[in-house]
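Q: I would like the entire structure built from these sequences, with the hints used as guidance.
Residue numbers (my numbering), protein chains in the order written: chain A, 1 to 95; chain B, 96 to 571; chain C, 572 to 1074.
These are calculated hints, taken from the structure and not from any lab test.
Be careful, since some hints might not be right.
[What the hints assert, rightly or not] Where chain B lies over chain A, by a calculated footprint (3+ residues, C-beta under 8 Å):
no. : segment
1   : 13 to 24
2   : 28 to 38
3   : 48 to 60
4   : 78 to 87
[Stated by the list, open to error] List of simulated lysine-lysine pairs, BS3-like, C-alpha gap at most 25 Å:
no. : chain 1 : residue 1 : chain 2 : residue 2
5   : A       : Lys92     : B       : Lys428
6   : B       : Lys325    : A       : Lys5
7   : B       : Lys325    : C       : Lys654
8   : C       : Lys803    : C       : Lys654
9   : B       : Lys439    : C       : Lys718
10  : A       : Lys83     : B       : Lys428
[Unchecked claim] Over the 12 Å line for every Cβ pair with chain A, so calculated as not near, a few chain C residues:
no. : residue
11  : Glu579
12  : Lys595
13  : Asn700
14  : Asn774
15  : Asp783
16  : Arg813
17  : Pro868
18  : Leu892
19  : Ala1038
20  : Thr1041
21  : Met1052
We treat Cβ as the ideally placed atom computed from N, Cα and C, and that holds for glycine.
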Amino acid sequence: MIINKETLKNIAHLARLDFEEKEADKMILNMNKILTWMEQLNEVNTDNVMPLIHISREINVLREDVVKPSLSHEKGLLNAPKKDSNYFRVPKVIE
Amino acid sequence: MTNYITFSAIQNDLKSGKITCKSLVEHHLSRIESKKNLNVFLSVYADEALAKAEKIDEKIKNNTQGRLAGMIIGLKDVICYENHPLQASSRILDGFVSQFSATIVERLLAEDAIIIGRQNCDEFAMGSTNENSAFGNVLNDADNSRVPGGSSGASAVAIQADLCQISIGSDTGGSVRQPASFCGVVGLKPTYSRLSRYGLAAYASSFDCIGVIGKSVEDIALIMEIVAGKDDFDSTVSSKDVPKYTQNLTFDNNKKIKIAYIKETIENDALQPEIKTAINQKIAFLREQGHTVEAVDFPLLSVILPTYYILTTAEASSNLSRYDGVKYGFRSKNAENLEQMYKKTRSEGFGKTVKERIMLGTFVLSASYYDAYYTKAQKVRRLIQEKTEEIFKEYNFILSPNAPTTAPKFGSFSEDPIQMYLADIFSVQANVVGMPAISIPCGKDNENMPIGLQIMADFFEEEKLMSFSDYLIKNS
Amino acid sequence: MIMKDKYELVIGLEVHAQLQTVSKAYFSEENTYGSMPNTNISVLTLAHPGTLPKANKTSFDYAIKMGLALGSQITEETIFARKNYFYPDLPKGYQITQDKTPICIGGNVIINLKDNQITPENPEGKTINKEHSIRLTRIHLEEDAGKSLHIDGEEESFIDLNRAGVPLIEFVSEPDIRSADEAHAYLTEIRKLVRYLDVCDGNMEEGSLRCDVNISVRLIGATEYGTRAEIKNLNSFSNVKRAIEYEFERQTALVEQNITFGQETRMFDATTGTTTSLRMKEAMNDYRYFPEPDLTPVVVDKTWIERIKNLMPALPRALFLKFTKEYNLSDYDAEVITAEKETAMYFEEMCKITKNYKAACNWLTGNIKGYLNERTLALNQFPISAKNMAEMVNLIDAGKINHNIAAKQIYPKMLENPTKSAEMIATEDNLLLSTNIADNEAFNLEVEGFIGEIMANFPAKVAEYKAGKTGLLGMFVGEVMKKTKGKANPKTVNELVVKMLAL
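A: Below is the structure:
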């Protein structure tokens, strides 16, 4: 049993997801099945094996520091769920 | 109008005046309408396509048309097309309109291709049956009670039902090849980094490939020639030159080659018997031609899937964090404060499968488990890649099925998530290692459902892969 | 028992500096301050689906430059990483940063502290400059977040993404800092260096330089670290000092009362000078760092490093040594001149032309600084070139113009006519003193005439002088200078007066 109610709550919070009781129970069940299945990897000997991080073989792909035309203010705000003429708006951030 | 198998046939008829771009578009629009029940297209750009067709017909008169004049293309709902909706078949992108076009799309348009619409898919490309769309299932045209495969299910059906000539899909774990095999069409996943990913809504960044689905290998080769190659907007895209794929499609049958298949894939009891038979027939044919076809061992086969799921869910959990209701898309009406806004937006906006994978990915990246799962999977990934490369030192291609069965019925996968994951067993290897793979039609099963043969090649060997595939289709 | 005698402060600083590149860190929109909200944006900054980053080459150049200046080791192969968390000003839901492979490792920031402790080297306890080295853990590249504006009375927060994606370097120090003064000195030194290297304008008020403080206390002599607090929202050097002082009081009080407290993040309130705790939930974030798959590794080879080395300007510490050891300026003067690169460069320009370093220094730190301060101007807006100023100094030293006349008449005219040299103006206004021997003889005769007149007018004073009141010399010289309308070389007049009074 890798995930319990507490772990699920923490993971859900990190991922900004909410689950109702029933959904949560289901999720715990499924996740435990899957995570246990994933533990097969422990049977593979990976001593002295470096993690494979990049699949592309390119290196040093860098941009010259020049300004190029990008998105206009209007287009930037076009898709915003809530906005005014200048800003994106969100419920107040409580510090 | 006939169902054109190759684009060159379209070009001939355009040249002779038998058809025009306009009549082509009209034909496909009416096909799309008549096949509405398949639920392939989420948007159809009818007026636009007709207007463009008229312009291109003019160009043809003046002989100034691009190489893709007359090519009708559908885009999977994960490919950005400026000023057109993009939803990744998810509610969380309700109302979103792309503000730029994918590099692939720009290159297609530059050659006068016509984009006819936006194709349904599994939400955020997560799924193998196109049952995970927020906009309903897509039906297999060969049998409406069966799935088309996924996640590019609609893209494959579009070709199967002649709703367009080429579909641009995406393939992260088999999402172009598997539906191509379920629908009896051709689907190519190029080498990772062969095509620019700029404009592909990301699922798993080190696995995602834009893929091409078509009726013939030569059409796919043409698309590849036009869209592949270096791109200023994608750091990972390969800087290698792009071969003239269309000029190198002839397979020299006199040069005998060595082909491998992983023993546990074909000699597997879980494999549907007709698939086994069909593939064995192909193997027999190749041997008759004098080529060597041998079984090889791949002891890591059983861990390819868990490796895939650990790493893709991890990357996905991060790639999907941007869907938060702040800058675009859906925002829940039920939120009273910021934290609720995030949680309700994402919980209401994402479907079940997506949420499950985000949770898994978040878990494997979390501090206490990172080494045990994520780092471990990265190491195993390297081993899988090395072992696969070893095979290619000796062999030119690896053959396999695309899936253990042909297209199953809807609702086949029970509530057991692992059962669904296991269906990907043959297709994920190409994504885990980054090598190119193609699915070509390989007969039908007893219910007349298409069977697909998967062929994998070494890095950047698309030329050889396509010429061999074309040969097999035409000769066996 | 005074807390300061019982407890010591253990401070590490995290300083973020915005790099003054032309475009942002991972996309090509403009990197600039003060634009209308949400106008320096792109599809990448807004984290639209399908967007991909591409790293800015110059940001690497700047980071390497910085590392070389601080004696860091430049990492040969670096990759980027994602730091995952949710906040409205972080559009992607992750920040692209460097985790396991920072571009620079180690290094030192050398600070000067005023010390007046009685030591064998300083038996009188004079106030001297003591150099102190603060070790750096690392410097790494990352991107800035946007801005959230929270306005009282409003139910919503406003998000401006202009700043999102601006390239940053983050300096992480070892917990070597032991006082608010040291922290202040450290920040001052970093600010000076980033400006010298032209990588950042160091403007804390505009947010191009920001500082978080990691602070704990422990009994003096203890080796283990106490529980630390991270203090954020410090937007000026003085607020950093105030926050540290407040935290020292707060933490020592808790420790004295045996109250245990957990590691936390606290926000500084500039109005009250206090810190308050952020909700623990926000502070205890699991960032789930993993390598950024969308950016390639960057390999920094020797050629690259050499290229940056060749582009390095002279650094303040090296210039300080040059000015004190070679030019014999006082520590104070050298400090003033090296405080800003512009000043040091102007001074160096002057020193190419004049060897009277002290005079050049005085003009620069006196007249010129005064002029600039009055008008709130920067040195690059000062009208007179370093060359012209230096030539004026030489002219004075050569005896061709009188120093007072230079300051009161020539220099002001040069301000108004910046293209004219001191010599030109002196010639035009007939202020040149002759150095021609023949002319001198005639002039000296004239001066002797004046001296004679004055001696005749002040017989009593002459007598007093001859009796021993040598201080009166100045009076005679002054009178003569009046008669010559200041055109005489005071040195020559002095000599002549002495000569004649001795007769």
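Q: Would you mind marking each hint as holding or not holding in the structure?
A: Results for each hint:
1. 13 to 24: It holds, with 6 qualifying residues against the three required.
2. 28 to 38: holds (count 7)
3. 48 to 60: holds (count 10)
4. 78 to 87: Check passed, 5 qualifying residues.
5. A:Lys92 / B:Lys428: Holds - the C-alpha atoms of Lys428 of chain B and Lys92 of chain A are around 15 Å apart, at most 25 Å.
6. B:Lys325 / A:Lys5: The given pair, whose Cα atoms are some 48 Å apart, is violated under the 25 Å limit.
7. B:Lys325 / C:Lys654: 28 Å, violated
8. C:Lys803 / C:Lys654: 18 Å, holds
9. B:Lys439 / C:Lys718: 23 Å, holds
10. A:Lys83 / B:Lys428: Holds. Lys83 of chain A to Lys428 of chain B sits at ~15 Å (cutoff 25 Å).
11. Glu579: Answer for Glu579 of chain C: holds, closest chain A Cβ roughly 31 Å.
12. Lys595: 9 Å, violated
13. Asn700: Holds, since 38 Å exceeds 12 Å.
14. Asn774: Given a closest Cβ separation of 20 Å, the condition holds.
15. Asp783: At roughly 15 Å from the nearest Cβ of chain A, Asp783 of chain C sits farther out than 12 Å, so the non-interface label holds.
16. Arg813: At about 19 Å from chain A, Arg813 of chain C clears the 12 Å cut-off, so the statement holds.
17. Pro868: 5 Å, violated
18. Leu892: Answer for Leu892 of chain C: holds, closest chain A Cβ roughly 33 Å.
19. Ala1038: 78 Å, holds
20. Thr1041: 68 Å, holds
21. Met1052: 60 Å, holds
The structure is inconsistent with the numbered hints 6, 7, 12, 17, although it conforms to all the rest.
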